[in-house]
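Q: Can you build the whole structure from these sequences, using the hints too?
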Amino acid sequence: MTALTAQDVGVTLLERQVVDGVSLSVPAGTWLTLVGPNGAGKSTLLRAVSGAVAHSGTIAFDGVEVARLRSRERARLVAVVPQDPTRPEGMTVLDYVLLGRTPYIPYLGTESAEDLAMAGELLDTLELRSLSHRLVTELSGGEFQRSVLARALSQQAPVLLLDEPTSSLDLGHAQQVLELVDELRASRGLTVVSALHDLTTAGQFADHLVLLADGRVVAQGSAQEVLTEELISAHYGARVRVLTDPQGGVVVVPLRPGRSVREIGGVA
Amino acid sequence: MTPVSSAAATGPDTAAHALRPVRLPRRWLVASLAILLAAVLLGLTVGPAGLPLRGVLTEIVGLVPGVHLDGGLDDRQAAVLWQLRAPRVVLGLVVGAMLALAGAGYQGVFRNPLADPYLLGVAAGAGLGATFAIVSGGNRVLVPLAAFAGGVLGVAATYALGRGVGGRSTNSLILAGVAVAAFLTAVQTFVNQRNVDSLREVYGWILGRLLTAGWDEVLTVLPYIAVSAAVLLAHRRLLDVLSVGPDEAGTLGVPAARVRLVVVLAATLGTAAAVSVSGLIGFVGIVVPHIVRMLAGSSYRIVLPLAAALGATFLVVADLVARTVVSPGELPVGVVTAFVGAPFFTLVLRSARRTW
Numbered sequence: 001m002t003a004l005t006a007q008d009v010g011v012t013l014l015e016r017q018v019v020d021g022v023s024l025s026v027p028a029g030t031w032l033t034l035v036g037p038n039g040a041g042k043s044t045l046l047r048a049v050s051g052a053v054a055h056s057g058t059i060a061f062d063g064v065e066v067a068r069l070r071s072r073e074r075a076r077l078v079a080v081v082p083q084d085p086t087r088p089e090g091m092t093v094l095d096y097v098l099l100g101r102t103p104y105i106p107y108l109g110t111e112s113a114e115d116l117a118m119a120g121e122l123l124d125t126l127e128l129r130s131l132s133h134r135l136v137t138e139l140s141g142g143e144f145q146r147s148v149l150a151r152a153l154s155q156q157a158p159v160l161l162l163d164e165p166t167s168s169l170d171l172g173h174a175q176q177v178l179e180l181v182d183e184l185r186a187s188r189g190l191t192v193v194s195a196l197h198d199l200t201t202a203g204q205f206a207d208h209l210v211l212l213a214d215g216r217v218v219a220q221g222s223a224q225e226v227l228t229e230e231l232i233s234a235h236y237g238a239r240v241r242v243l244t245d246p247q248g249g250v251v252v253v254p255l256r257p258g259r260s261v262r263e264i265g266g267v268a
Numbered sequence: 269m270t271p272v273s274s275a276a277a278t279g280p281d282t283a284a285h286a287l288r289p290v291r292l293p294r295r296w297l298v299a300s301l302a303i304l305l306a307a308v309l310l311g312l313t314v315g316p317a318g319l320p321l322r323g324v325l326t327e328i329v330g331l332v333p334g335v336h337l338d339g340g341l342d343d344r345q346a347a348v349l350w351q352l353r354a355p356r357v358v359l360g361l362v363v364g365a366m367l368a369l370a371g372a373g374y375q376g377v378f379r380n381p382l383a384d385p386y387l388l389g390v391a392a393g394a395g396l397g398a399t400f401a402i403v404s405g406g407n408r409v410l411v412p413l414a415a416f417a418g419g420v421l422g423v424a425a426t427y428a429l430g431r432g433v434g435g436r437s438t439n440s441l442i443l444a445g446v447a448v449a450a451f452l453t454a455v456q457t458f459v460n461q462r463n464v465d466s467l468r469e470v471y472g473w474i475l476g477r478l479l480t481a482g483w484d485e486v487l488t489v490l491p492y493i494a495v496s497a498a499v500l501l502a503h504r505r506l507l508d509v510l511s512v513g514p515d516e517a518g519t520l521g522v523p524a525a526r527v528r529l530v531v532v533l534a535a536t537l538g539t540a541a542a543v544s545v546s547g548l549i550g551f552v553g554i555v556v557p558h559i560v561r562m563l564a565g566s567s568y569r570i571v572l573p574l575a576a577a578l579g580a581t582f583l584v585v586a587d588l589v590a591r592t593v594v595s596p597g598e599l600p601v602g603v604v605t606a607f608v609g610a611p612f613f614t615l616v617l618r619s620a621r622r623t624w
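First to last, the protein sequences are chains S and C.
With our numbering applied, the first sequence corresponds to residues 1 to 268, in that order.
With our numbering applied, the second sequence corresponds to residues 269 to 624, in that order.
Please note that a few of the clues may not be correct.
As the list claims (entries may be wrong) - Reference excerpt, derived from the structure (chain S facing chain C, CB under 7 Å, subset only):
#1 89
#2 112
#3 116
#4 156
Since the hints were derived computationally from the structure, they do not count as laboratory data.
What you are looking at is a predicted structure, and each value in this text was computed from that prediction instead of being measured.
Glycine included, C-beta positions come from ideal geometry on N, C-alpha and C.
A: Written as structure tokens, this is what we have:
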């Protein structure tokens, strides 16, 4: 079953075509990761999927077009972990997680006991219960990222969008968060669409990679198919060596051009 | 700057006994209502003709249907209480509550602690409207009407200009407010220059005052302020959702632009009504919500109701000071609020650790 489809999607921002003719199809319960250089349109494509920017073409969840949905209905279908989430002043972790229940709370209503129970369950899952009355402004980067994830999960949406979810995390915390998302994907049947900078990590966690450049899809497939020295060199302008680890994973290692090494060494 | 809202505990919940979501703390509610009551009694009893507290209380209790008490005030005292003091105190209550609510609402939708109810051209528009009404020399009854119309037109112009130049962006709206206010103020200054005779009266209006002649002013503005206050209070949870910014609020299912429009309309309508009968009383809209944030927490579920109570208290007390400190003369109440407000404003700026 396909959870999310995009057909010939285009986004124009300030008269610039940022996303151009992108078509994708994400089977339910799988993880698709967008990779590509800065400005390739990864975040904008995710914003189009979440309804934050207007788009041409069609984006549909289970056959329902996103542009036809009211924001409440959309928020029940797709949850977002933004790239740089705001930390609201004076708000506790519990209240922050409860924000995710907004699409289920009447317009002028307040949280029910069920909403509170669901938030409590997620605080346990993400090991945040002991922090539930701390202010989000006082959390470490890793703790806050788990809170953001808990907020997104409390939306109970079948589709989870992650925009550079690890950009503010160190290696260990980045791994923890991605492993957690993968576990939740498996246990809850979530469909995950993410944008990631780190190519090796992208290859490790995604079922399907899509390489974007200048708003267009230039390659897609498995890590082995997308993360090649030729494609990375052509679209990132970077020299890399692509290795295969013993488990069959793809490792992308940046190389320094020989000439500049000599120059920096001052041997000339 | 803000205490942890876990202090807002309201008793155990069977579904999740250890979790306490943000609620209006009962002790703060009780405390704010207590000082509100004290301010009202002070406002009713203190003045050139002092009224005995016991007599005033007896008169108030006597309002309850079916209760008849003797030992109240004599006829002259009762007339002072019901025709002079009470309308003025009640006007102070509704205007003060409205300005504080509108200020908190603006701060919520613009996510800016310095936003005040006069931000989008209400003050300049109302000032110009009142100036026209005063210099035209017509019936003074028309001044509130002209101020109300001017305030609403000022905000309408700001909205039209803001949308014209920058779509739905918050900054373009605020900058449009600056442009509209500057333009309207220039027109007002020009009109004043041509009509120096009425300058004193216009000036007195701009500084803000709670002058009443019986209950007319109160009854005129009450419907607008009641509707506006109800709408703002009903949006208290949504203002908390907006604190993560319009984009994230959108992904949580809240149409941020629409909520902002509703809150701004309600705040503007209420502010224009308040300004029409009280002139431009500054600082209540900024100072009061900040005091509440620092004392009780920054969730709008706490800020809005407590700001309404504290704003009402603040203005009643400020008006008491304004009419007693240079007795038998009167200071404009706007001078008193600014006298407290300006130093406080500096303190807020010093202690605000967050970069907005």
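Q: Please go over all the hints and tell whether each is borne out by the structure.
A: Verification of the supplied hints:
1. 89: Where the cut-off is 7 Å and the nearest Cβ of chain C is about 6 Å from residue 89/S, the hint holds.
2. 112: Interface hint status for residue 112/S: violated (9 Å vs cutoff 7 Å).
3. 116: With a closest approach of 5 Å, the residue 116/S hint holds.
4. 156: Hint violated; residue 156/S Cβ to chain C Cβ min 12 Å, cut 7 Å.
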